[in-house]
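Asker: Listed here are the chains, written in short residue letters.
2 protein chains.
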Amino acid sequence: MRNRQWVLASHAQGTLNESLWSLAEADVLRPASGQILVKTLWLSVDPYMRGRLNAGAGMQLGSLMQGGGVGEVVESNHPGWKIGDIAEGPDVGWQDYAVLTPDLPGASKVNKVDTRSAPPQAALSWLGMPGLTAYFAMLDVGRPRPGDTVVVSAAAGAVGQIAGQLARLAGCRVVGIAGSDRKLDWCKTIGFDETINYKAMPDLAAEVGRCCPGGVNVFFDGTGGPIHDAVMKNLATGARVAIVGRVAVANNPAGEDVGLRASSRLIATRAVVQGFVVYDWWNRRDEALQRLAAWHASGELKFREDVMNGLENVPRAFMRMMGGENFGKQLVQL
Amino acid sequence: MRNRQWVLASHAQGTLNESLWSLAEADVLRPASGQILVKTLWLSVDPYMRGRLNAGAGMQLGSLMQGGGVGEVVESNHPGWKIGDIAEGPDVGWQDYAVLTPDLPGASKVNKVDTRSAPPQAALSWLGMPGLTAYFAMLDVGRPRPGDTVVVSAAAGAVGQIAGQLARLAGCRVVGIAGSDRKLDWCKTIGFDETINYKAMPDLAAEVGRCCPGGVNVFFDGTGGPIHDAVMKNLATGARVAIVGRVAVANNPAGEDVGLRASSRLIATRAVVQGFVVYDWWNRRDEALQRLAAWHASGELKFREDVMNGLENVPRAFMRMMGGENFGKQLVQL
Numbered sequence: 001m002r003n004r005q006w007v008l009a010s011h012a013q014g015t016l017n018e019s020l021w022s023l024a025e026a027d028v029l030r031p032a033s034g035q036i037l038v039k040t041l042w043l044s045v046d047p048y049m050r051g052r053l054n055a056g057a058g059m060q061l062g063s064l065m066q067g068g069g070v071g072e073v074v075e076s077n078h079p080g081w082k083i084g085d086i087a088e089g090p091d092v093g094w095q096d097y098a099v100l101t102p103d104l105p106g107a108s109k110v111n112k113v114d115t116r117s118a119p120p121q122a123a124l125s126w127l128g129m130p131g132l133t134a135y136f137a138m139l140d141v142g143r144p145r146p147g148d149t150v151v152v153s154a155a156a157g158a159v160g161q162i163a164g165q166l167a168r169l170a171g172c173r174v175v176g177i178a179g180s181d182r183k184l185d186w187c188k189t190i191g192f193d194e195t196i197n198y199k200a201m202p203d204l205a206a207e208v209g210r211c212c213p214g215g216v217n218v219f220f221d222g223t224g225g226p227i228h229d230a231v232m233k234n235l236a237t238g239a240r241v242a243i244v245g246r247v248a249v250a251n252n253p254a255g256e257d258v259g260l261r262a263s264s265r266l267i268a269t270r271a272v273v274q275g276f277v278v279y280d281w282w283n284r285r286d287e288a289l290q291r292l293a294a295w296h297a298s299g300e301l302k303f304r305e306d307v308m309n310g311l312e313n314v315p316r317a318f319m320r321m322m323g324g325e326n327f328g329k330q331l332v333q334l
Numbered sequence: 001m002r003n004r005q006w007v008l009a010s011h012a013q014g015t016l017n018e019s020l021w022s023l024a025e026a027d028v029l030r031p032a033s034g035q036i037l038v039k040t041l042w043l044s045v046d047p048y049m050r051g052r053l054n055a056g057a058g059m060q061l062g063s064l065m066q067g068g069g070v071g072e073v074v075e076s077n078h079p080g081w082k083i084g085d086i087a088e089g090p091d092v093g094w095q096d097y098a099v100l101t102p103d104l105p106g107a108s109k110v111n112k113v114d115t116r117s118a119p120p121q122a123a124l125s126w127l128g129m130p131g132l133t134a135y136f137a138m139l140d141v142g143r144p145r146p147g148d149t150v151v152v153s154a155a156a157g158a159v160g161q162i163a164g165q166l167a168r169l170a171g172c173r174v175v176g177i178a179g180s181d182r183k184l185d186w187c188k189t190i191g192f193d194e195t196i197n198y199k200a201m202p203d204l205a206a207e208v209g210r211c212c213p214g215g216v217n218v219f220f221d222g223t224g225g226p227i228h229d230a231v232m233k234n235l236a237t238g239a240r241v242a243i244v245g246r247v248a249v250a251n252n253p254a255g256e257d258v259g260l261r262a263s264s265r266l267i268a269t270r271a272v273v274q275g276f277v278v279y280d281w282w283n284r285r286d287e288a289l290q291r292l293a294a295w296h297a298s299g300e301l302k303f304r305e306d307v308m309n310g311l312e313n314v315p316r317a318f319m320r321m322m323g324g325e326n327f328g329k330q331l332v333q334l
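Taken in sequence, the protein lines are chains A and B. Position 10 (the first sequence) corresponds to 10 in UniProt numbering; numbering is contiguous. Position 238 (the second sequence) corresponds to 238 in UniProt numbering; numbering is contiguous.
One chain only, chain A, in its complex shape:
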C-alpha cells in the first residue's frame, strides 16, 4: 500500500508559492506497539503553519509537511484504539496515511473524536484548536464584560468567527474586521453588530473610532500589521488585547515588522497586551469543548467551513487561506 506525502522542497522566502512542496510517495508504515495507523479523512490548514516554513524554524527540507488532521483507524497496535475509531491530532501531516502514537511521553496530542454529536472535521475547527483558541483567548485573555465593545480582526476566519460569537454571548457589542463584504455579511449573520472591510477604508483607524465611539475594550487580534495599529489607536481605558496571530504580516520576518509603537496609548489607557498560544491552556481543554459543544447544540454558535478536495490540493488550500481567499474555515477532505 502506497502513501502520498507532501514534503518541504524549499524554505519560504517572502511570498509563498506551491513549489515550496513536492509530492512524494512511499510505502505505508506499519504501526509498532502502542501505535495506530490512520487513513486521513480531513486535513486542516492554519495560519500557525506559516512559521514552520521559514529556514531555521525546525523543518528539514525533504521532511513531511506537518499539520493537523482527522483520520480513521485502519490498523491498531494500541489497546485503547480499535479499527474504525476516529483520531485527531496536530501531527497527522499532509499525507494519505499516518502512524500516530497516542501515548507519547508528555501530553498526548492524539484525541479520540466522538462523532455522535458533530461531524469528524469539527475536531479541526469549532471543536478543536481554532475553537479552543477563540475560547481561551477571548474569555480568559480578553475577559469581555457585558456592554464592552469587542473588536475581532480576521473576523471571518476559523478562530475569528468563533471569537466574535463568544463575545456576543458574553453580552458585548462586537465589531468584525475582514477583507471582503461577502465574509462580513456572514459575520453579521452570526451576530457581529458592525463590520469593517479594511480593504475599502483609506483611514482604518478613523473607521474603527467611528464604530467604537467609547473605545475598544477588548481587541482580539488575528492579523497584526496595519490593522493592529489602527485598532490600538482606539483602545479604551483598561482595554485587554489578545495577540493571537499575525497573518497580515506573516511573510515579513519579525525583524521587519515595523509599525506604530503603542507605548503612549498603553500608558494613557493602562491596557494589557498579551501574546497567546493555545497549548498553554490545554489542561482546561475539556471544559472548553463541553461549553463549545453546548453552544453549538443550542444554535448559539454557528460555524462556516470552506472545503477543498483531495490531497493534491493541500498546498493550494494553504495558500488560499494565507491569502484570505477562503470563506470560512479552510479544510481539505481526502
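Please keep in mind that the hints were generated in silico from the structure rather than gathered at the bench. Fair warning: there could be bad hints in the mix.
It does not matter which identical chain is used: a pair holds within one copy or between any two.
In silico lysine to any residue, SDA-like type, Cα no more than 25 Å apart, as pairs [what the hints assert, rightly or not]:
| # | residue 1 | residue 2 |
| --- | --- | --- |
| 1 | 233 | 51 |
| 2 | 233 | 256 |
| 3 | 39 | 114 |
| 4 | 109 | 268 |
Mind docking chain B on chain A? Use the hints.
Answerer: Using the frame of chain A, we list chain B on its own:
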C-alpha cells in the same frame, strides 16, 4: 506679598526650549475656608509633565505651569492644618506660593509630610510619586520572582533607580540601561548586577541578549523608543513588561512613534505588556510608603538627588531632566 509664577507662554512643538514659559508676578492669594497657603520649598520635575506641554493636552496658554512640590504652611484656613506643617501635592505648581485645598471632592492629593524620618523632598522622590511608581509597576505589574532577569531602562532616573533596587530585593538579577557611564556606575553602587550604556552600543538588542542569555523575565520600561524595541527582542517566555514612560520619544507625537511591532515576539513568549499610571494604585499608597521607608531605614534602598536652586531655574531643570543630563532625581530647591 508677591508671588512669582512660571506660566505657559507657548505649547511645545518638537524639542523643548526655555521660552515655552515666562515668569509672571501676581499678588499672593489668601486661602479661603478649607484651604491652606504654602510657601514652596521644593519642586519636582518629572517626565510625565512633558505631555501637558502639548497643544490640546488641557493646559491653556498663560496658565500656571503645573507640577508637584513640597511647601510649608504659612497660613491655614483648614482645621486639620497648622502653620509650619509640610504639605506635598501634585498641584503646587511652579510658583513661590500656592493655595491648596486638601479636601477637594474625590481623592485628596494634598499629603501631610512627616519630616521626622526623612527630609521633606523625599516626598517628591523615593517616598512619593516616583517611589510609588517603581513600587507598583515593578512589584505588581512586573511580578519579579527570585532568579528572574529584570531589565530597567532609564535606570538612573528617579523611578528607575528605585525599580532596580526593588527587583534586587526580590532576588532578581538586575540589568540597568542608561546613557552615561557615570550614571551606570551609580546603578552598580546601589546593586544593579550589569549595566548597558545605550549610547555606546551600536547593536543594543545584541548587547541586551548578551547580558540576558536566558531572556528578559521582567522589563521595566521608562524610555520607550528604540531601547524598548531592543529589549522586546529579548523577552523570555512568560515575560512581564511594565510600560511606565516614553521619555526617549516624548518629543515625538504618539502618531509618529514608529518602531518594531512586537506581535511575533509576544506570541512566541506569551508575554504580557501593560501600561502603567501610578494613580490607579493610590488606594495602596500607605502600604507602599511604609515598605519603602523601612527599606530606606535599613539601608537597603538608596537614592540619589540632583538639586538645582531657585524658582528661576525650574524650566532649566525640567529640560535637563528631559535631556537625561541629570544624575539622580531632578529637584529644585527654592
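Asker: Each of the hints needs a verdict: does it hold here or not?
Answerer: So, going through the hints one by one against the coordinates:
In this assembly of identical chains, residue 233 and residue 51 lie within 25 Å of each other by CA distance solely across copies; the values are 17 Å between and 27 Å within a copy. Proximity of residue 233 and residue 256 under a CA criterion of 25 Å is satisfied in both settings, with 21 Å inside one chain copy and 12 Å between copies. For the homomeric pair residue 39 and residue 114, the shortest alpha-carbon distance inside one copy (17 Å) is at most 25 Å, but the shortest distance between copies (77 Å) is not. In this homomeric assembly, residue 109 and residue 268 come within 25 Å of each other (Cα to Cα) only across copies, at 20 Å, whereas the closest approach inside a single copy is 42 Å.
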